[in-house]
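Since the structure of chain E is already known, use the hints to place chains R and Y on it.
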Amino acid sequence: MKVVTRDLELHTKGESDILNITEEIANEIESSKIGNGVVTIFVKGSTAALTTIEYEPGLKQDFPAFLERIAPRNIEYQHERTWHDGNGHSHVRASLIGPSLTVPIVDGRLTLGVWQQIVVLEFDTRSRVRTLVTMIMGE
Amino acid sequence: MKVVTRDLELHTKGESDILNITEEIANEIESSKIGNGVVTIFVKGSTAALTTIEYEPGLKQDFPAFLERIAPRNIEYQHERTWHDGNGHSHVRASLIGPSLTVPIVDGRLTLGVWQQIVVLEFDTRSRVRTLVTMIMGE
Amino acid sequence: MKVVTRDLELHTKGESDILNITEEIANEIESSKIGNGVVTIFVKGSTAALTTIEYEPGLKQDFPAFLERIAPRNIEYQHERTWHDGNGHSHVRASLIGPSLTVPIVDGRLTLGVWQQIVVLEFDTRSRVRTLVTMIMGE
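Chains as they are written, first to last, in this note's numbering: chain E, 2 to 140; chain R, 2 to 140; chain Y, 2 to 140.
Pulled out of the complex, with its shape left as it was, chain E reads as follows (with noise of 0.2 Å):
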């Protein structure tokens, strides 16, 4: 049984940007010689989130378009008279998807479907560095 950890870093572009990093986790899986167990994948702060969406230009749009309609930007938060700084809905947002993912990997590999991909959502108003964990274990 092992136990493989490591940090990763991205850029991204601040409010709605979607990033793709199925192949950098599966990437870690590879580098980490495990072949069963789970990678639990969290990001840091309390302005992004994980999820997995088929990641095609479309819902790229459809899914923060959705949030918006929920959580819309341009209404009154509690939060900004504590920070002033405009992103009560990127805290709301981020609370609702949640900051943690784990899949199972199996032969080496992560279970996805062929048309499921891990992202990391940006919902803070600014472009952030990001930093997730990846905690492999297994056998």
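What the hints contain is simulated information worked out from the structure, not anything from laboratory work.
Mixed in with the good hints, there may be bad ones.
Listed below are several chain R residues computed to face chain E (Cβ distance under 8 Å; list not exhaustive) [what the hints assert, rightly or not]: (1) Thr-41; (2) Ala-66; (3) Ile-71; (4) Ala-72; (5) Tyr-78.
Ideal placement from N, C-alpha and C gives every residue a C-beta, glycine not left out.
Frame of chain E; chains R and Y shown alone:
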């Protein structure tokens, strides 16, 4: 420390079908002889998701009705331009809820509440054969 | 490789109570002497959930306000027909956010961002005693 994986195939009836898989997961844990650890359940594909719910007829209507309100079927999705398959809302809902669920195992049992079941949510517009990957790790 | 589990009991004040459990989880990790691995936190029951948030007074209002907008208390839920306990919205919100959170542990510490706390969200309409299960795995 052991790692036990198995694929589970499920037939869903399409849009808004909710399948209670608690017993199947409990049976796999029993077969694995793992007493303490976690099970990670993962649904392959980008139009289905996993969560827990009180599996009773009312909520089986309420949860899909909630999703129809926040991510309606009959609005415009850019995904449609890529594939013309009418399931933009299915993708949005799946990315929102997420494909992965991790549940602790204590003394060979899932640590669910009494009224809490593990469910697969089918969001695609047609019936599907779904593959779930279960990864049980522990001792 | 070690597996360490513990139950954590919490008293919540009912609807929209948000409890910061970061310190409790950090203490359990310290007690476990596990340096590298993951902690899975799971809330028993179908009307509470787990996520991370910047735990400050503004967002403690904004996140429940967001949920009230998308899954309002005072609309009709079919769940009401089963139980007549007025908490259909609580169940919907809990299934949306999810009962489980997995966070990496590196050098004996949670890999959270500086402004990122682990929280339990109580969605039920009354105060509850909640049981969280924490499962720490690693070496």
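Taking the hints in turn, this is what the structure says about them:
{"no.": "1", "hint": "Thr-41", "verdict": "5 Å, holds"}
{"no.": "2", "hint": "Ala-66", "verdict": "15 Å, violated"}
{"no.": "3", "hint": "Ile-71", "verdict": "5 Å, holds"}
{"no.": "4", "hint": "Ala-72", "verdict": "6 Å, holds"}
{"no.": "5", "hint": "Tyr-78", "verdict": "5 Å, holds"}
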